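Enquirer: The chain contents come next:
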Amino acid sequence: MAAAAAQQHRHPKRRRLFLSPSPSPSPTPTLVAPPLVTLADELLFLVLDRVAQADPRALKSFALASRACHAAESRHRRVVRPLRPDLLPAALARYPCATRLDLSLCARVPDAALASAVSSSCSALRAVDLSRSRGFGAAGVTALAASCPGLADLDLSNGVDLGDAAAAEVGRARGLRRLSLARWKPLTDMGLGCVAVVCTELRELSLKWCLGVSDLGIQLLALKCRKLTSLDLSYTMITKDSFPAIMKLPNLQELTLVGCIGIDDDALDSLDKECSKSLQVLDMSQCQNITDVGVSSILKSVPNLLELDLSYCCPVTPSMVRSFQKIPKLQTLKLEGCKFMAYALKAIGTSCVSLRELSLSKCSGVMDTELSLAVSRLKNLLKLDITCCRNITDVSLAAITSSCTSLISLRMESCSRVSSGALQLIGKHCSHLEELDLTDSDLDDEGLKALARCSKLSSLKIGICLKIGDEGLTHIGRSCPKLRDIDLYRCGGLSDDGIIQIAQGCPMLECINLSYCTEITDRSLISLSKCAKLNTLEIRGCPMITSTGLSEIAMGCRLLSKLDIKKCFEINDVGMLYLSQFSHSLRQINLSYCSVTDIGLLSLSSISGLQNMTIVHLAGITPNGLTATLMVCGCLTKVKVHEAFKSMMPAHMIKNVEARGCVFQWIDKPFKVEVEPCDVWKQQSQDVLVR
Amino acid sequence: MEGRMTSLEAAMKASSSMASNMARNADPDQQTLRPNSVEQFYFPRPGQSLPGIPPFFGPPSSSLYLPNDNEAKFGNQFESNPSQNTDWDPQAIVSNLTFLEQKIKQVKDIVQSMNNRENQVAGGSSELAAKQHLITADLTSIIIQLISTAGSLLPSMKNPLLSSNPAVRQLGNTLGSPMGFGMNANQRPSVDSKTDIPDTGKTSDYDELMNSLNTAQDERDELIKCPNPCGGEGSEPTPMEDHDVKESDDGGEGENLPPGSYVVLQLEKEEILAPHTHFCLICGKGFKRDANLRMHMRGHGDEYKTSAALAKPTKDSGADHAPVTRYSCPFVGCKRNKEHKKFQPLKTILCVKNHYKRSHCDKSYTCSRCNTKKFSVIADLKTHEKHCGRDKWLCSCGTTFSRKDKLFGHVALFQGHTPALPMEDVKVSEASEQPQDSEPLNEMARSMVYSFPSSDGISNLDMKMADDVRGYFSPLNFDPCFGALDDFTRPGFDISENPFSFLPSGSCSYGQQNGDS
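Line by line, the protein sequences give chains A and B. Quick note, the first sequence lines up with residues 1 to 691 if you use UniProt numbering. Quick note, the second sequence lines up with residues 1 to 517 if you use UniProt numbering.
It is possible that part of the hints are untrue.
[Unchecked claim] Derived Cβ-Cβ restraints for the label pairs, each shown as a range: (1) A:C275 x B:T372: 43 to 49 Å; (2) A:R226 x B:K374: 42 to 48 Å; (3) B:H387 x A:A146: 48 to 54 Å; (4) B:K374 x A:V663: 55 to 61 Å; (5) B:K288 x A:R174: 33 to 39 Å.
[Said to hold, decoys possible] Interface residues of chain A toward chain B, partial, derived using beta-carbon atoms under 8 Å: (6) V197; (7) L220; (8) M649.
For the record, the hints were derived by calculation from the structure and aren't laboratory data. None of these values were measured; they are calculated from a predicted model. Yeah, the Cβ is synthetic: ideal placement off N, Cα and C, and Gly gets one too.
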């Protein structure tokens, strides 16, 4: 509204706005309808934007209010995301102003559907996303490129069957700025050449997993597409021959070379000094043929690098780390899964003083003394990841919390040697934290109490922390109103009171994991149903939860899209009926071990967007009920069913479901009802780890 | 012996279009030469007659099948040869180059004396132009004598000498073998055959012959002045190419032999184009390879079955003293012709053959695949057919390339040119790029969607109704068509469940700013 008012003086018509009752965020169509016609589109769209932000379903109500509203809503929508490809022509006709077509919900988009859709209308489309779709070929791409002259963004990732012919057709869309051809395994240099020659405006290109592309094609690309800023060549066969050509691209800012086995020290050394001054992000993770020598030699060519990823690449040596001094602007350094040689970690502190983000997750050789020395110099560090650095103790944590006080993200899952006392330091010193991962640690209520200082906390992962209880959570609930994501997986000490505190104190909550918190009852769910933004609820293995709690969630959390109620034995068809009635956003559901029967399952099929179902070990499910459900749910992409059903369901029905793009996973796990207490489970998992 | 002569003549007939049974028609003068020639013919010097002689060099030389076991039989005859032969003992040539020079001087003397004689006769020849049969024969016999004595030593002399008269030229060629020292006996029959020519009364030929003889004199002088006219012992012997080595046309291109440091030979057109170069002395059958001839000879008797008879004639012994030899194309005006200003010699006889066919013959072999490319050398056709139609790298401008990197170089160079997929490839790949049995699947999927009503009515929709947009989007059935269309799908949410999750949804920014119209 403020924006609307700001624009008002420029438009004479705005005056009418005062005459009509201003539209409220929850639209009241009957009141707005008559003067709405005279409202300028710009203003109306601003209103609709806000309405949509508050509740996406409100737009639908708005469109249904009157013919004018319907028309306005048609003009307003920019993104079209149809559920099924056969709805595509009608959808595009309905929304002629849509600029973005997102087909990620359509697992199978035949050529004919694409052709009929785009021929019917829509020259306004600028972006098309076919990354999750299959079933189309070169003909479909032809139709798309021919009828959308303004196409600038085309995502054709995962076209594992597409090759040169389709690439040649992509080349018809001359204005493309962003293109992804990831996983086009049949693509060769010929197809890439067609694209490279024609699409000279390309800014971003992904050729990830295009195994057929060789140096010839990449060289041509580097020659023709001079405006490229972002290039992903992961898992391609790029070698020394074309690497310098790529590095000399004048505008290249981001280069991804994950898993390029053709890149070795020779290639890295072949570059001129200061060869690419524009490059800012370089990802060479999992390049197995690189050593510290190669890394040292390439750094002289990229003086302005901001971000470097060398995960799973080569052992980190002191000399390599010292060479980081050649890139003084480096802000992000990722060294996941690397082996640290002696004194290497210490050298990071002296060589990378401007570092903002450091990831040492799963590294071996990270010791207290060196880590302490390193972090003591990295005063500007904002993000630190020391996941699974199992050797560090309180010493490191003390150094981290005392020097890096401005941390906004700290991830230290499975740092099991850090004591609960030291964990309190986090809350005491790092009050800017927004993201904290203390999964599988010694955290207790005192630690949580200390964390209450971190009022900006939005993501808190404290799964498998057996010592925490309701008291600690109460502190969090009271002082962290911005919390959006909380993971309480296997926190056996929790009961409803703690959850209620969270639900009341954190209205922004979107995602909560309460799996195997066995004490949780419907009371928790009833309180959580007040969190209107909740979209992910995992209550696996909470045997005391019933359909009552679930129905409250269904009615209160209308945005719920992912639900895991495995081993909630009490939940039955009633819960499903509520879900089918209210949770139209549901995409993914796990029903295993529930008391749901065919009736509940069939009712779920009215949720038209349901994509992912896991239906294993349900006593009340018959093959017929399952078959009927699967046939009706048109959008399914993945279904996990017990293997026994494979023979009981008619084969042609299975084939039919598969033909729509659904993948079956036949599960053959033993039926196991009992749920171990959390401490027993933790002991068992640690035993596995030790072994 | 007589039998052998006839078989030789048969071979001559097969090889040369002008072969005639001159032996029977020969003049008495020529007849006097015959014993000598016959003896020489049966003079099979090991390591001398065959090494490095280009296999198709003509029936008189290499095709003669002279089993080694016959050598001993004729060795005596060699011993009793006239002094001419002993003078020209190739052993001496091999062992001593200076001795060779002496011989060259001898040749010079002989030729000079010959020249004197020729001048004499030449003056007379114009006088006798009208009557002349006999004198012509005289002159011819003189020339033949000259050739038979000195000719083989200086092959380069022979070509200019004989270049204008095809018949005699051929004779010269046969005699002009670089290995011909002491081999002149082999050529003798052909010499005899050439004596027919004057008998035909072609005086113009004869005049030319005389002229060329004069020029030959000059050239020969030059040759003798050359520092190392015969290659010398110190110089590297020219390796003679094997049959099977495929020589390019440009055999002599790479090397920069100073003019005069090699001997130039010129074959005749008929000889170049002769299908066979090795002939059986017994039955006259022709072969392309001497090995095949040897195999063939086994059928003529046990004496040809010995390992010695079947062995490949050794090369090395004669190669030591062989002068560097290069070849000239008989086509006047060709760069490979020695008359050309920037003459570039051909390295081997195979080069000559291929060059002549490629440059001066009709391209009679047509590729059966493309029906456009024509070749005159069958090997070229075979090479082409290997690649014809395959590996065609095509540019959008229509240019084709045999190699991908060449195409990409072309595309890189020219603005707007793109690699083009061959039409059949496009069809094939289109078919293959469609997931298998996708059409039936798609059809099936479509029908299934419509035949299974879901609980909220949308699926009752018929395909025909889709045209009726208003009806389609009526309030009743609008709802389920679009689930939450807005981006409530958040990162880390059902994306992670998807097997294909590379790019986070919404990573693109185009068209996402709602509200700007």
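Enquirer: Give a verdict on every hint.
Expert: Going through the hints against the structure:
no.: 1; hint: A:C275 x B:T372: 43 to 49 Å; verdict: holds, 47 Å
no.: 2; hint: A:R226 x B:K374: 42 to 48 Å; verdict: holds, 44 Å
no.: 3; hint: B:H387 x A:A146: 48 to 54 Å; verdict: violated, 36 Å
no.: 4; hint: B:K374 x A:V663: 55 to 61 Å; verdict: holds, 57 Å
no.: 5; hint: B:K288 x A:R174: 33 to 39 Å; verdict: violated, 60 Å
no.: 6; hint: V197; verdict: holds, 4 Å
no.: 7; hint: L220; verdict: holds, 5 Å
no.: 8; hint: M649; verdict: violated, 15 Å
Consistency with the previously given hints fails for numbers 3, 5, 8, ordered from lowest to highest.
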